[in-house]
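Colleague: In this note's numbering, the protein residues as written are 1 to 454.
Calculated from the structure, these hints are not laboratory results. One should not assume that every hint holds.
Unchecked claim - Okay, derived cross-link-like pairs now, DSS-like style, lysine-lysine, Cα gap no bigger than 25 angstroms in a straight line:
#1 K265 - K301
#2 K281 - K264
#3 K71 - K409
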Amino acid sequence: MNKHKINTEVIEKWIVKPFERFINRSSASGIVLFSSALIALVWSNSPFQDIYHHLWEYEFTVGFEGFKIAKSLHHWINDGLMAIFFFVVGLELKREIISGQLSNPRNAILPVAAAFGGMVVPALFYYLINPSEEASNGWGIPMATDIAFALGVLYLLGDRVPTSIKIFLTVLAIADDIGAVLVIALFYTSSIDIVSLGTGIAFMAVLVTANFLGIRNTLFYGIVGIGGLWTAFLMSGIHPTIAAVLAAFTIPAYTEVDESYFSKKINQLIQRFNLAKPNNKSTVTEEQLHIIGHIRRLTYKATTPLQSLEQYMHPLVAFIVMPIFALSNAGISFENSAINELTSPVAMGVIVGLLAGKVVGVVGMVFIFCRLGLARLPTEFNFRDVFGIGFLAAIGFTMSLFVSGLAFKDPMLVQQAKLGILTASVFASFIGFALINRNRSEEPIENPKDMREE
């Protein structure tokens, strides 16, 4: 065994494999997101806090003479980079609606109802505390659920948590994402430029037509979606993240060959490859290369562009986009006035909305739907779990921080909202984890028969 091979095996064992295991862990994205937020908090309260704040104010321009877009780095992250996040959210939503949990109304009705309650009640709680002036614009902040954080906390409990609970929280968070997108589109949109909006609609029509005509090239959708739809929405006044969701819904979700044809042909190609005469070298023969090319093209035809894009882009969003967003938005300077800001109406509205409103909304809707016989709790599931899910749904973080930037122009109100978001999200994480962990450690508590699935 040569030295090069030994070094390769060492790198594979001690660096590549551990890294792959970490990336594939369900809680990994939540850990990275939390670490980014922690770095932002430490950095913004260190002797280098001026560097932190000035970094995001750096302005640069994209475009050419006669057509330029000049924004600060912070705006490019929130309007541009987060569009990638919303694009993946759109891909996930379409997949769930077509073939996932949202495709079956019977499975979706209870978590969707819980999500609805978990959006409406927090908004009402916040508005009761902040009924007037600019502070009232923040009612959308406590409506959000951070799906990465919430699922990350849940997956830390491992196999003790039944699959039914994981599915319930996932569907709830996805339905919450739909609500958040609608709220941003309808209520957090500035004055609209009709010409730019019309241009955006035209590009959207091009994407829909391409899907109808059977165009599966993702590069085409990327060029038209980003260069056309996203740019037009950015100029129109409608938040460009909405364009990302709309573009995602135009990505084809069909294959060119069915499963039986793929299985038959792939087996034939594998047999041909096994029969092909090797050259006993590090390279493959021309015949083998030709067969591999056939396998690659066949595999491409047997997968949907929707699922392929989602699979490829999810790590990008989870480990790059969202951590950068957290790093740029979670920095709060805890000065002497921090306590006063934490007890301000905006901060208290966010805290009460998330910690109380979310739980009341989620648990209340589940109880009402079950009691009226409109739905039943999944098996291996009881009302203690519902309370735990209610608190995990109260982890607003990423989405709440995003909405706070849209809701307020006053930096002081944004600061107060961030304090409320971080405080509520931390408490919600620990309480939700503790409730479900304790419940899973005890004997299961049976619910009334009419409230459980048979």
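Colleague: Now, for every hint given, state plainly whether the structure supports it.
Modeller: Outcome of the hint check:
At most 25 angstroms may separate the alpha-carbon atoms for a hinted pair to count; K265 and K301 meet this at roughly 12 angstroms. With a CA separation close to 30 angstroms, the supplied pair K281 and K264 exceeds the 25 angstroms bound. For the hint linking K71 to K409, the alpha-carbon distance of about 16 angstroms falls within 25 angstroms, and the restraint holds.
Hint 2 from the earlier list is the only one contradicted by this structure; the remaining hints agree with it.
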